[in-house]
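Once you have looked at the hints, place chain B on chain A.
Protein sequence lines, in the order shown, are assigned to chains A and B. Each residue of the first sequence is one higher than the last, beginning at 13 in the numbering used here. Each residue of the second sequence is one higher than the last, beginning at 13 in the numbering used here.
Please keep in mind that the hints were generated in silico from the structure rather than gathered at the bench. Quick caveat: nothing in here was measured; it's all calculated off a predicted structure. Careful, some of the hints might be misleading.
All copies of an identical chain are treated as equivalent in the list; a pair is satisfied when it fits inside any one copy or across any two copies.
[As the list claims (entries may be wrong)] List of simulated lysine-lysine pairs, DSBU-like, C-alpha gap at most 35 Å:
1) K163 - K117
2) K232 - K148
3) K232 - K163
4) K243 - K163
5) K243 - K148
6) K255 - K232
7) K117 - K148
8) K255 - K318
9) K117 - K255
10) K163 - K148
11) K318 - K117
12) K318 - K243
13) K318 - K163
There are 2 protein chains.
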Amino acid sequence: MASSGSACSPTADCRMEAEFAAPAQVEAAGRQMAEFARHHCSEGRRVVLVTSGGTKVPLESRTVRFLDNFSSGRRGASSAEYFLDSGYAVIFLHRHHSLYPYSRKYAGVNLLDTLRASPEQGPGCISHRVEVDQSKLPHIVSVLQRYQAVKEARLLLAVEFNTLSEYLHLLKAAAQALSPVGSNAMFYLAAAVSDFYIPASEMPEHKIQSSNGPLQITMKMVPKILSPLVKDWAPRAFVISFKLETDPSILVGRARRALDLYRHQAVVANVLDTRRGYVVIVTRDTQTELLLSDEEEQREVEIEEKIVSNLSTAHTSFIEEQG
Amino acid sequence: MASSGSACSPTADCRMEAEFAAPAQVEAAGRQMAEFARHHCSEGRRVVLVTSGGTKVPLESRTVRFLDNFSSGRRGASSAEYFLDSGYAVIFLHRHHSLYPYSRKYAGVNLLDTLRASPEQGPGCISHRVEVDQSKLPHIVSVLQRYQAVKEARLLLAVEFNTLSEYLHLLKAAAQALSPVGSNAMFYLAAAVSDFYIPASEMPEHKIQSSNGPLQITMKMVPKILSPLVKDWAPRAFVISFKLETDPSILVGRARRALDLYRHQAVVANVLDTRRGYVVIVTRDTQTELLLSDEEEQREVEIEEKIVSNLSTAHTSFIEEQG
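In isolation and in its complexed conformation, chain A is listed as follows:
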């Protein structure tokens, strides 16, 4: 059967290596992540890999057109902040140009609308100082101070991907880099990864011409690499996947199916329309609903604060159980 076949670990790993070319940056990124994990583990910190943003799937080899997944990266970026607040060191594997921790609070603001230049008498000539209008960037002082503290302590390592192929290879490199950290590593796989792709061998080289009539695309299923990740690449880690659906009626069933198939620790299940205020954390034995009250929404509490709090507690138990 196709579904049990696709969960077979050597197949998924082999298919990935055979069908997706490794990007040039993967080796250097792997070394950097391993060094980051080693350093923070030796200082007694847990390390979480947060993946974030959608993946791009080219339809042509010199790419003009591509298939994309909906994701601003908001959930991944805000979760990374709460993990940092909880004492984790964070590897942030994110889609190029998706939201970034801290600066995500000002996404959509035009930088030039927040600045004002004023002349300043320098030694001999007039120069300008450029200052932020703080009413345009709420809480900028505290956000900036937190961002700079995280940066100085090197608690956040950012790694970028763009295409599905880059994501797959960087995730494997991350898993191998975190494997030595054992159960102190968490994988928080919030990226919106495409389920489908066009193999390079079947891809036209040049831009598809619209004058040739309607476009027929056949896409293959992407290998399910959660399977080798859990079984082979980082077998002792605490692994969380995400499930986004538009139909609430199939949500928890699909989360349970994923847990049965991949044998990882938890699925954060959510529905597109309500994803900012409601999720269900599904484990083999439990099902925990997290939601924001009206009062919490007014205070601008974020659901990610609750998700991260729930999972870091569960991670503590997991580490204790593993001895």
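Chain B only, in chain A's frame:
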């Protein structure tokens, strides 16, 4: 034949109205654009509509997945600046989150890396001033001053689209808004518009399930609305389309074919790999290559400066010819 059929103006217009739902904002945007055009025309300014960025084509009606076109919006955003420098009022019809005039110069810079907070003794309490580190934002004072001058003079009207459907309806609304300005209007259609889409009637409501096996997508051709734009919506305007190819050998041929088919004034033809340094402006009688010399590349001259200079001169001749 399909290709001559698709250039038939009533058909393209009717198909667009029938197959693409008009977005809620289109009427208000149309009124705003008409008022903008009327005002600037009465002050003796020409008006250019610059379209910019790629379009999104949903694959599901509650959209998780979509087809996208490669485009950062760099060409549209920089061209808008040169049109403003040349005395045009600019309607900037752009993809949400694509590059924006002036702020595009700092795209990819993390805002928080450019700021520093320093304590300041206020009346009674310590507050902070937040200042820009100008070495991180080159030329920020002059860019900011130019941005603010354009904003105060209301020379730039920004209108946003996201999906193909929004783009099509907003372009029609823009054409109708600019029609009263006659030959003083230019259309500079730099957006990367999808050639294909899935009709709403054939789209699944919910997220496509990957467990159902390979994905088969059949996409219809998008109606060629350049045809009704030139013939019906703004028949006296100066209209420029863009042609991006990956194969240089078919470039000029395809540009000429478009001119024959739509009877507009010029095509800016370019090849994906060399688009930042080389374009050909093709008109019915001429073919002008524009390129950057090594020395110009070193001075960071942009090809858009040359494109805009060429086209605004041609626009002057066009206006004179029209009497």
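When the structure is checked against the list of hints, which entries are broken? Sort them ascending. 2, 3, 5
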